[in-house]
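Could you fit the two chains together into a complex? Lean on the hints.
As they're listed, the protein sequences go chains U and E. Residues 1 to 112 (our numbering) are what the first sequence spells out, left to right. Residues 113 to 228 (our numbering) are what the second sequence spells out, left to right.
Treat the hints as calculated values from the structure; they're not laboratory data. A quick note: this is a predicted structure, and the numbers were derived from the prediction, not measured. C-beta: ideal position from N, C-alpha, C; glycine also. Keep in mind that the hints are not guaranteed to be accurate.
To give an idea of the interface, some chain E residues facing chain U are shown, with a C-beta separation under 10 Å as derived from the structure [stated by the list, open to error]: (1) Gly145; (2) Ile158; (3) Phe159; (4) Phe218; (5) Ser220.
Restricting the straight-line Cα-Cα distance to at most 27 Å, the calculated cross-link-like pairs of lysine-lysine (DSSO-like) are [said to hold, decoys possible]: (6) U/Lys57 x U/Lys42; (7) U/Lys83 x U/Lys57; (8) E/Lys182 x E/Lys115; (9) E/Lys185 x U/Lys42; (10) E/Lys115 x U/Lys42; (11) U/Lys83 x E/Lys185; (12) U/Lys57 x E/Lys115.
Letter by letter, the chains look like this.
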Amino acid sequence: EPEVTQTPSHQVTQMGQEVILRCVPISNHLYFYWYRQILGQKVEFLVSFYNNEISEKSEIFDDQFSVERPDGSNFTLKIRSTKLEDSAMYFCASTGSNTEAFFGQGTRLTVV
Amino acid sequence: AQKITQTQPGMFVQEKEAVTLDCTYDTSDPSYGLFWYKQPSSGEMIFLIYQGSYDQQNATEGRYSLNFQKARKSANLVISASQLGDSAMYFCAMRETHSSASKIIFGSGTRLSIRP
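Excised from the complex, chain E in its bound form (with noise of 0.2 Å):
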């Protein structure tokens, strides 16, 4: 069965530094997925970045960026120069892709703040 673990509650960052969330994830699916969205307080969930199984380069997203191991499983998403509005939920989740209507799973989240 699929499961998506974001072991880091909350963070807490000075503005203009990097932050790494961690994410790992276990799954007998060889083509999956894996997404990071963020979640600020209005509580809409806005998508950052995609990441799938079969690709060859880290993916990038402006300030975001996705360190993907698939060796060990992990996808932990990258923050440069993070800013002040930054500081929301981010949830990463995965789906296994054998089928196009295949479900979303999110992780529990990590709450992350940004100090000025």
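This is chain U alone, in the form it adopts within the complex (with noise of 0.2 Å):
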């Protein structure tokens, strides 16, 4: 069965650094999206992709992210300068349709 695959699953960082998510999509969706859940709290829409550029963005998708995909294959999400209060599990998500969102096993990012 296809599935969106995240790499790496966990990634601890220092406070400044950058960090670099990666996902591969399922490869005959179009559509490709990031969130963002802090421990146990609710699962935040950051950004939506298609056609190689932004769709939509929420309010905490400000200057310090940015989307890219590079190739045919990856589509990944940079974290410019972490804060502490960015350590949370990103997931990736790809459709292909309206009937179906399959989300990646997440990223663990922990800020230090």
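This is how it looks when you write it as structure tokens:
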């Protein structure tokens, strides 16, 4: 069964460092998303991406964040200068139609 | 604006019993989809079931069924014959489907614990 793959599964980084979270969406999907879940809290939308550009972004997705689809398979989320409050689980999702939306297993980011 | 409400922060159920997890939603878009996801303690988000706003029948997937009451704007998840492995966080989510790029928004979740 096709799946969304995220790497790494865990990342620990120092405050102020840049991190890149990687995702390989399902191959025939066209729409990609990043979400964030601070421990024990709600799943929050960050950004959606289609046709090599951002479709929509939330207030959380400020200038510190960027997304890219550098090749035909990867979809990345970059956090330029991490803060302690960026510690969270980050999920990538992809959809091919309105009736399905699959999430990756998540990357747990810890900023120290 | 679209909104998802899950009013049960936690539930305890005896193994083998059926359980209903509540979800209500609000949207002004006549075309939308409703999702349920399971998040076990390992953290991944597992897709369970989908219901479209124009679907005539309630969605079912194995032991999962969605009790869709459009007039009441509710989309409760029913798990039949609960198992210990069903213990997890469950999220109801919605997406307005006027655009395929529309984001999915999540409720606050219900933590389900199955007692042996």
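Comparing the hints with the structure gives:
1. For glycine 145 of chain E, the shortest C-beta to C-beta distance to chain U is roughly 5 Å, which falls under 10 Å, so the interface hint holds.
2. Interface hint at isoleucine 158 of chain E: satisfied, since its Cβ lies 8 Å from the closest Cβ of chain U, which is below the 10 Å cut-off.
3. Taking 10 Å as the C-beta contact cut-off toward chain U, the hint placing phenylalanine 159 of chain E at the interface holds, the least distance being around 6 Å.
4. Annotation: interface hint on phenylalanine 218 of chain E holds; nearest CB of chain U at approximately 4 Å, less than 10 Å.
5. Annotation: serine 220 of chain E was flagged as interfacial toward chain U, and the flag holds, the nearest CB pair being 5 Å apart, inside 10 Å.
6. For the given pair, lysine 57 of chain U sits about 17 Å from lysine 42 of chain U by alpha-carbon distance, which is consistent with the 27 Å threshold.
7. For the hint pairing lysine 83 of chain U with lysine 57 of chain U, the CA-to-CA distance comes to about 19 Å; that is within 27 Å, so the pair holds.
8. Taking the CA atoms of lysine 182 of chain E and lysine 115 of chain E, the gap is near 15 Å; set against the 27 Å cutoff, the hint holds.
9. A distance of roughly 21 Å separates the Cα atoms of lysine 185 of chain E and lysine 42 of chain U; the hinted pair therefore holds under the 27 Å criterion.
10. Proximity of lysine 115 of chain E to lysine 42 of chain U is assessed by CA-CA distance (about 13 Å); at most 27 Å being required, the pair is judged to hold.
11. Of the supplied pair hints, the one linking lysine 83 of chain U and lysine 185 of chain E is violated, its CA atoms being roughly 39 Å apart against a limit of 27 Å.
12. In summary, the hint linking lysine 57 of chain U to lysine 115 of chain E is supported, as the alpha carbons are separated by about 17 Å, within the 27 Å threshold.
Hint 11 from the earlier list is the only one contradicted by this structure; the remaining hints agree with it.
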